[in-house]
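S.K.: So the chains spell out like this:
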Amino acid sequence: MSAHILLTLPILFPLLGVALCALFWSNKRAQRIVSLLASFGLLGAALALMAAVHDGTVLATHFGNWDAPFGIVFVADMFAAAMVLITGIMAVAIGIYGLADDIEPKENAFYHLLYQGLLLGVTGAFLTGDIFNLYVWFEIMLISSFGLLALGGTRAQLDAGIKYVTLNLIATTFFLITVAFLYGITGTLNMADLARVLPTLENQGLVTTLAVMFLMAFGAKAAVFPLFYWLPAAYHTASAPIVAIFAALLTKVGVYAIIRTFTLLFDGDAGYTGPIVAGIAIFTMVTGVLGAASHFDVRRILSFHIISQIGYMLFGIVVATPLAVGGSILYVIHHIVVKANLFLLAGVINRAGGSFDLKKTGGLYKTMPMLGVLFLIPALSLAGLPPLSGFWSKFTVIKASLDAGHIALAASGLAVGVLTLYSMIKIWNEAFWKAAPETAEIAMARWRADPKVRVLMLAPIVSLAAITLTIGFFAEPFVDFSMRAGAQLLDKSVYIDAVFAPTSQLAEIRP
Amino acid sequence: MEPVFAIAFGVMIAVAAYLLMSRNVLRIVLGLLVLGNAANLSIFLAGRLESRIPPLVPAGETALAGGANPLPQALILTAIVISFALVAFTVVLFQSAHRRLGTLDVDAMHEAESLSRAVPRKAPAERTLEAAE
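Sequence order for the protein chains is A and B.
Once you know that position 106 of the first sequence is 106 in my numbering, the rest is easy, because the numbers rise by one and skip nothing.
Once you know that position 98 of the second sequence is 98 in my numbering, the rest is easy, because the numbers rise by one and skip nothing.
No wet-lab data here; the hints were simulated from the structure.
Here a beta-carbon is modelled for each residue, glycine too, at the ideal position from N, C-alpha and C.
Be aware that one or more of the hints could be misleading.
As the list claims (entries may be wrong) - Just the calculated beta-carbon pair ranges, DEER-fashion:
id : chain 1 : residue 1 : chain 2 : residue 2 : range
1  : B       : 26        : A       : 54        : 50 to 56 angstroms
2  : A       : 200       : B       : 74        : 21 to 27 angstroms
3  : A       : 54        : B       : 49        : 46 to 52 angstroms
4  : A       : 279       : B       : 92        : 36 to 42 angstroms
5  : B       : 26        : A       : 208       : 25 to 31 angstroms
6  : A       : 459       : B       : 56        : 46 to 52 angstroms
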């Protein structure tokens, strides 16, 4: 297949999903089928894209056959393809789970439409090679997430929605202003062109200023210290599948944008931004994990853990060696799988144990020992215990920072791992180990009475756990892929050459 | 012209920041609106101001000389549409929040936080719409 088709298909399937869901807005059954088919289509397209770029080629397509700096381009390197693939996996897994979980009473005409809209925005953000276009994909993703968050319309959700919407809108507008300044000093918006132009500018101080502004704009999206307040204020109010897709993808788009801009556009001034990012990474890890340690609601604990884990993903930007960038990529991939799985498990704890609040549930190990095992896989992986996926990703980023002499970074990474283990043990003790209160037994009886829901909810959890175990036990291909993707990110010329490769039809159109 | 636009941009950012720090959700919406327009102004400013010649290539020429830069205008058009849609959504969200929560004061809204406190905090004196006014 040509690069044009490979690069547009991952966008096309969610777009079709949105359109058809809007068409069948009164027919929930048709919407469910369309949504699931579109998710499978996205997964298939992502697999095809991955097959085309896994050997290190970078694909680019120019929309409307406009040559590179003038038209909009889509680019897929190994990192982008990996992110699209993991988006496809999440779309299918959480889509199946969403058929069963507590969407049903709240499900109105828009759940599937907004779900596909979210996937559309996320996939577009990963594939675009144009910085203004990135803003547009961000907005598509945001408006879908606003809708999903407010879907139930409960008092808590509306309250959370106000904080989430306001802070995210400010961050995105800030991003837009930064894009305007960037255009003002360079006269281009194409990321490959920017990578060529920015190092040649005389006023490098201005470039560093813009780098810090981008760091703030994307940092707010990625929920880094001190810009993460919207996340624990909002995430825990949504239902389990919605918060799982948020946790898996939304903050990672911010991380992706940070890694992309700081490897492609601003690599020259690591001396200025490096220490800032190092401080941000350390504080993000520590504050996030301390927040998690102080809470007793499963979803809140897990929300704070998203924040703390983002810190590890910034190691690659601080250290900027192939090992560190590759480690960051591996970390992002591992974390998406594990985090989504934990939120899906939180939904099961709520269904079978009666509550998200750990004080009101319990006894799950006695009644469902297999669920305990399924919980331990992602929980221990998140804490970084060998031989699970979290071990390899933590090991690579910490080894890379030790190699480069960033002792404080490595030490806080290790300490935060221990604290993560502490709060995971807290969930284990409360939800699985202690005796069940009466309310939990009633919920359990209801859970047992509905085998269809059990299958739909547990199948994605088992599959994601299997992915975690696969990365853990057969780490070599995954680590190898991440290392090559990291090396590719640091070698900007491949990306730039792919974008500026002449398109064959262009000669005929242009005089 | 640039200094005038730059100062206007700065003033709009300041106004937006002031409104956004307010406790009243209505002012927050207005702040978001002003902030969005400030962003549009910054795009316009970044794309050179001096020329007013329409960006049309004369017959027989292949390049445009001295014309206005059409790109910022295309960008602003996109940004206006997006920010308009988002502000419309925000107004609806805030309005239904006002209806459900009975207040416009963000300080009085802690439904989401009280969901799971390790130590439940005492319910503060209810700040209703009437009290805020």
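S.K.: So, for every hint listed, does it hold in this structure?
M.R.: The hints, checked one at a time:
1. B/26 with A/54: 50 to 56 angstroms: The hint (50 to 56 angstroms, Cβ to Cβ) holds, given that residue 26 of chain B and residue 54 of chain A are roughly 52 angstroms apart.
2. A/200 with B/74: 21 to 27 angstroms: holds (26 angstroms)
3. A/54 with B/49: 46 to 52 angstroms: holds (47 angstroms)
4. A/279 with B/92: 36 to 42 angstroms: holds (39 angstroms)
5. B/26 with A/208: 25 to 31 angstroms: Violated: the Cβ-Cβ distance is about 38 angstroms, outside 25 to 31 angstroms.
6. A/459 with B/56: 46 to 52 angstroms: Cβ of residue 459 of chain A to Cβ of residue 56 of chain B: about 60 angstroms, so the range 46 to 52 angstroms is violated.
Comparing the model with each numbered hint stated earlier shows that hints 5 and 6 do not hold.
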